[in-house]
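Q: Read off the chains here:
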Amino acid sequence: MQNILQKTMRDPTWQLISWMLGAIFIFALVASEFNIGSFSSTLLNGMLRAMLLFLVAAGLSLIFGLMDILNFAQGGYFMLGAYLAYDFQHPDAGSLTFGESIADPTLRFFVSILFAVIVGGVLGYILERFFLRPLYDRPLFQLVLTFGASLVFLEGIKFIWKTVPYTWREDTIFQANKFNLFGTTFEWYRVFIIIMGIVLIVLISLMLRRTRIGIIIRAGVEDPEMVRALGINVRAVFTFVFTIGCAVAAFGGAVAAPFLQVHIGLGNLYLLGAIAVIVLGGLGSYEGTAVASIIVGLAWVAMERFSISYNIGAVWGDLTPMLMLALVLLLRPKGLFGEER
Amino acid sequence: MLIIWAAVGATLAVLITPTVYRNLNQKPLDGLIIGLIVGIIGSVPGLLVFWLLLPYRFRQSDRPPHPLDGFRWRGVAQMHSNNILEVRDIHTFIGQFHILEGVSLEVPRGSITVILGRNGAGKTTTLRSIIGLNNPRSGSIFYNGRNITHATAHEIAASGIGYVPEHRAIFKELTVRENLEIAARKRGDLERNQQFIFDLFPDLQRLIDLPGGNLSGGQQQMLAIARALVPDNDLLLIDEPSEGLAPVIIDQLMAAIKQLAKHKTVLLVEQNFRVASRLADRYVIIDDGHSVMSGDMADLIKNPDVIKRYLGVA
Numbered sequence: 090m091q092n093i094l095q096k097t098m099r100d101p102t103w104q105l106i107s108w109m110l111g112a113i114f115i116f117a118l119v120a121s122e123f124n125i126g127s128f129s130s131t132l133l134n135g136m137l138r139a140m141l142l143f144l145v146a147a148g149l150s151l152i153f154g155l156m157d158i159l160n161f162a163q164g165g166y167f168m169l170g171a172y173l174a175y176d177f178q179h180p181d182a183g184s185l186t187f188g189e190s191i192a193d194p195t196l197r198f199f200v201s202i203l204f205a206v207i208v209g210g211v212l213g214y215i216l217e218r219f220f221l222r223p224l225y226d227r228p229l230f231q232l233v234l235t236f237g238a239s240l241v242f243l244e245g246i247k248f249i250w251k252t253v254p255y256t257w258r259e260d261t262i263f264q265a266n267k268f269n270l271f272g273t274t275f276e277w278y279r280v281f282i283i284i285m286g287i288v289l290i291v292l293i294s295l296m297l298r299r300t301r302i303g304i305i306i307r308a309g310v311e312d313p314e315m316v317r318a319l320g321i322n323v324r325a326v327f328t329f330v331f332t333i334g335c336a337v338a339a340f341g342g343a344v345a346a347p348f349l350q351v352h353i354g355l356g357n358l359y360l361l362g363a364i365a366v367i368v369l370g371g372l373g374s375y376e377g378t379a380v381a382s383i384i385v386g387l388a389w390v391a392m393e394r395f396s397i398s399y400n401i402g403a404v405w406g407d408l409t410p411m412l413m414l415a416l417v418l419l420l421r422p423k424g425l426f427g428e429e430r
Numbered sequence: 052m053l054i055i056w057a058a059v060g061a062t063l064a065v066l067i068t069p070t071v072y073r074n075l076n077q078k079p080l081d082g083l084i085i086g087l088i089v090g091i092i093g094s095v096p097g098l099l100v101f102w103l104l105l106p107y108r109f110r111q112s113d114r115p116p117h118p119l120d121g122f123r124w125r126g127v128a129q130m131h132s133n134n135i136l137e138v139r140d141i142h143t144f145i146g147q148f149h150i151l152e153g154v155s156l157e158v159p160r161g162s163i164t165v166i167l168g169r170n171g172a173g174k175t176t177t178l179r180s181i182i183g184l185n186n187p188r189s190g191s192i193f194y195n196g197r198n199i200t201h202a203t204a205h206e207i208a209a210s211g212i213g214y215v216p217e218h219r220a221i222f223k224e225l226t227v228r229e230n231l232e233i234a235a236r237k238r239g240d241l242e243r244n245q246q247f248i249f250d251l252f253p254d255l256q257r258l259i260d261l262p263g264g265n266l267s268g269g270q271q272q273m274l275a276i277a278r279a280l281v282p283d284n285d286l287l288l289i290d291e292p293s294e295g296l297a298p299v300i301i302d303q304l305m306a307a308i309k310q311l312a313k314h315k316t317v318l319l320v321e322q323n324f325r326v327a328s329r330l331a332d333r334y335v336i337i338d339d340g341h342s343v344m345s346g347d348m349a350d351l352i353k354n355p356d357v358i359k360r361y362l363g364v365a
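Going down the list, the protein sequences come from chains E and C.
Counting from 90, one number per residue, gives the positions in the first sequence under my numbering.
Counting from 52, one number per residue, gives the positions in the second sequence under my numbering.
Chain E with its partners taken away, still in its complex shape:
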């Protein structure tokens, strides 16, 4: 164990990551005006943002790595997950009334997450199987198609839920219970999301390392043609990865709905953040995506805090992922863990 740790710390990539995290912590401390309560709140919210970014970026990265498709509709799945979870949870609003048959709000919340994941997965399957598959030999068309799909999502959501933003009203057991950290009150729900995100990082990592489908996905990222020549139906693997990627994004939207205002800009906001994450992590690298999510999430929230503390304008927070993306492309175009493509 000590050997692995020493080896890791000698690796220049991990040294760079530790420098970046150190710089972000110092920046967060300055942004919090050296108030420990405010600092812990920044870190906790940063980790929360990181996990949500990861949920969008994980699918984006796996899909890009395996299929060379930048799925612009990924943000749409995140947004759809948020709308579906909100609507299911609040039968008196929106378009869905099924939720009222479940009286307990906590149970209804779990069912709403499951509902969002299933719908996200099914729509992901349909997009890949019936629309993207005929375009495998035409990469530019795929890009246009996923962009078009993101617009269809947006307009579909406007048609069903209109453009009014929704704010979560119903407290589940997670939101009702709070705890105090250095004088600042937090909902347990946020900790629950962070833990859930970490569990998901580990589960996907185990799936990639320990299962046959994981080995096929990793091999497919390196050389999909050779995987075909081994007798494996790569297209079925593409469909599987695309479906899982979209379901995970919808899951992210569903779990984020209780503390994010559900609105039509949500998809693009997280899509841009996720693109910054996968470029910073290295295109197609799963470890890179997980680490970069944490870096971008923390930096994003620290900048938001900084802009409030020093009154420099709210726009800097949302700009942070894009600024980081520009910096990475200038200084290290292959990202943290990526290879030249």
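I should point out that these hints are in silico values taken from the structure, not numbers from a laboratory.
Hints are all accurate, no fakes.
DSS-like, lysine-lysine: derived pairs with alpha carbons at most 25 Å apart:
(1) C/237 x C/223
(2) E/423 x E/96
(3) C/315 x C/237
(4) C/313 x C/237
(5) C/223 x E/96
(6) C/223 x E/423
Small disclaimer: the values here were computed from a predicted structure and weren't measured.
Add chain C to chain E, keeping to what the hints say.
A: The following block gives chain C in isolation, referenced to the frame of chain E:
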């Protein structure tokens, strides 16, 4: 089947949705979901009828299943009974470039056949056409009597053809064990054949947990061949196995290929004539996209003019 299923489901959904939409206090999403559920349930009778009437031949079990069942094949070829593979006048394009302009060859069962030719003659494209990575536009390829000309690469490979490409194409991020595991087509393939593989390439057993990218060129070549031996392939297509390797390693590889040819048929692409002449029983010469000569290797060795003309070897 999927199209019929979807059509029936979608039609019912479309028919029912407006009614539900009106009845449910103008909640369009509720209406859509109920419509879809009813549509899916409604499509079950259609599915049953389809299953019972149409695909009768798929459920016949009076003969053992063949790996090529379900292929878009055009009937059984009139092949020479001793040939495992026959390629007949194939024309293959890469993009707009006409690479193969009429290649024909035969591979007798249990033989080592080598494809010879100068750089850019079309040797690698011939192997890629056979394995389905560049399907020919015309001509035909028969494997074990079945036409596999337009089958996909994974279908062809799964029918029993192993492919060892030029430059090895091992998965560098995967360990040696994972590189072997991924090639297994059914449970137990690796366990059944690993002793044969490790007898042939003892180094691989020692390096089993190393990433493929950490192996030397020769070890990577051994891994690439070993990978093709994991499933029970009958035919191995090996592209330039000696390329970029030291003479000692080439000798080891040649011995291994000779050994494995006792159990498998091998179709080899090799530019090193010294290696090819010592390994192969038969040869095919490809020149500028055409197959120009074929026959027994022993006859070719006696014909230095042909060797010089087509291979540039004195």
